[in-house]
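S.K.: These protein sequences, in sequence, are chains A, B and C. Heads up: the first sequence runs through residues 1 to 194, numbered per my numbering. Heads up: the second sequence runs through residues 1 to 194, numbered per my numbering. Heads up: the third sequence runs through residues 1 to 194, numbered per my numbering.
Bear in mind the hints are in silico, worked out from the structure with no lab data behind them. On a predicted model such as this, the values are computed, not experimentally measured, just so you know. Hints should not be assumed to be uniformly reliable.
Each pair may be met inside one copy or between any two copies, as identical chains are not told apart.
[As the list claims (entries may be wrong)] Each computed DSS-like pair below joins lysine-lysine, with the alpha-carbon atoms no more than 27 Å apart:
#, residue 1, residue 2
1, K129, K33
2, K165, K106
3, K106, K129
4, K124, K153
5, K106, K147
6, K124, K106
7, K13, K75
8, K50, K106
9, K124, K13
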Amino acid sequence: MKDEDSNVLFRIKLRLQRHSLWEHIKGLWFSRKLSTHGIVVVTGSGSFPKVINRGGEIHAGHCQFYEGVRLEIGKGASLIIGSGSYLNRNTLVVVETKVEIGNFCKIAWDVIIMDSDLHPIEGKILENKPVIIEDHVWIGCRSIVLKGVRIGKGAIIAAGSVVTKDIPAYAIAGGVPARVITTRSFIEPQAIKS
Amino acid sequence: MKDEDSNVLFRIKLRLQRHSLWEHIKGLWFSRKLSTHGIVVVTGSGSFPKVINRGGEIHAGHCQFYEGVRLEIGKGASLIIGSGSYLNRNTLVVVETKVEIGNFCKIAWDVIIMDSDLHPIEGKILENKPVIIEDHVWIGCRSIVLKGVRIGKGAIIAAGSVVTKDIPAYAIAGGVPARVITTRSFIEPQAIKS
Amino acid sequence: MKDEDSNVLFRIKLRLQRHSLWEHIKGLWFSRKLSTHGIVVVTGSGSFPKVINRGGEIHAGHCQFYEGVRLEIGKGASLIIGSGSYLNRNTLVVVETKVEIGNFCKIAWDVIIMDSDLHPIEGKILENKPVIIEDHVWIGCRSIVLKGVRIGKGAIIAAGSVVTKDIPAYAIAGGVPARVITTRSFIEPQAIKS
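Work out the full structure, taking the sequences as your base and the hints as a guide.
M.R.: Set out below in structure tokens:
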């Protein structure tokens, strides 16, 4: 095992230890809906996370879902969620082709991520385009990420943004549509000796 | 009966056939709250659509309401919803004078439509202005349509927009406030022979 | 007692008389969660307002909370809400240091007010900055007010705005990020003789 891997695993372990037994039990119950998964926890007393699966797959690492999360998976579509990531309250992910969420991503509450417009414009074909959210991305509350967007590693999306185009790594972006405001310095978290 | 009418009716029939018996039963129950109505279906297992009627009227054609829809109708106000249209999850319509939604409109989830600011600015009179949404309009999720706006036939409003001014027919508009981004070509759906 | 004070008290009294016994009973129940409070009413049949208090304080005057309101109070943080103000449906207030909402403020539904980004940027310290909302401010539905913002007396924030910087008194502001659109004339409500 690489040093980096052991570091990552240790941090995930740390993260998961913070959760109550009840969150783990709810996570186990929820993980029935997932094709493959690591340790999954479900947080919050509101409406249980909901999966509307029309024939696709969900692959989740060690991750956390909050109350009210809604995952809509189309036929043959795949949603991939990395380890150490969470989807906060009422986040909606609509997947008709592919949505990838990396490791250690923070998806805040009321976020919408869609790889499809769901309806074609009359006279045109409905075109779905994958959404890729790389590792360590942080998406602020009530943002919308639309089809075909790639958000680069470590980027931050400000609250209330609508992301319609690619955002480069380590950028801080915001607005409707989202534009790069500034760039953050990214310090890779240090290896923790266990 | 005109050829066009028979076409429209056939398409509505097609649309309604897709719904389950349970959606029709819930639709019947919901239609008690409507002044006049066609075939109404209610979709989704969340909170039942809610009408807060302070003395106005709702006239609905053959249409579909999703869970969490909320209609607030003021005294003497009227809400008109055409046939073949739907209001998706948690859409809120606030009517103090008049809101008209045409035929075959797609109103996505979390949309807010208001013909009133609900509060006057001190020293001014509260002015309500009708909202007109013409046929075949598609309003993207989490958009807000404010008082006095007319959205022309076949226009598309991008997700997360705030519409404060008129949008011409066949335009694709978006942003806060919403501006025309481009124009779509609109192909009138062909008559279907039954 | 100053004439102005008696005026204010009379208007609050008028406001509270409009509420039902049931709203007052729910208000009493809710006020257990408040450190100090005046007459509190709770409106709406949806989910009861929720307080997540990690060791801070809430000081509320005579005010009104709607269904689905959520107050998250961090350790040592304080939330102050003036008299004659209300927080409409599903408003979220996140307080890590201090949020002050003045008297006679109208906070519309789905508003988010945060004095913290909740997460630091890696390599930086998480910096919280108080949010001050002065008297007679009206915040339109689904707006977001971010850390460090002061909204001046009598200002109006348009629906769907994201407020990232100070807004001067009596301004009407809107957009993402919010900018001043115009200035209102503010007529101080006249003293009412009781």
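S.K.: Now look at each hint and say whether the structure bears it out.
M.R.: Cross-check of the supplied hints:
no.: 1; hint: K129 / K33; result: within (24 Å within a copy, 41 Å between copies)
no.: 2; hint: K165 / K106; result: both (19 Å within a copy, 24 Å between copies)
no.: 3; hint: K106 / K129; result: both (22 Å within a copy, 21 Å between copies)
no.: 4; hint: K124 / K153; result: between (33 Å within a copy, 18 Å between copies)
no.: 5; hint: K106 / K147; result: both (19 Å within a copy, 19 Å between copies)
no.: 6; hint: K124 / K106; result: between (35 Å within a copy, 17 Å between copies)
no.: 7; hint: K13 / K75; result: between (34 Å within a copy, 25 Å between copies)
no.: 8; hint: K50 / K106; result: both (19 Å within a copy, 23 Å between copies)
no.: 9; hint: K124 / K13; result: between (48 Å within a copy, 23 Å between copies)
Of the numbered hints listed earlier, not one is contradicted by the structure.
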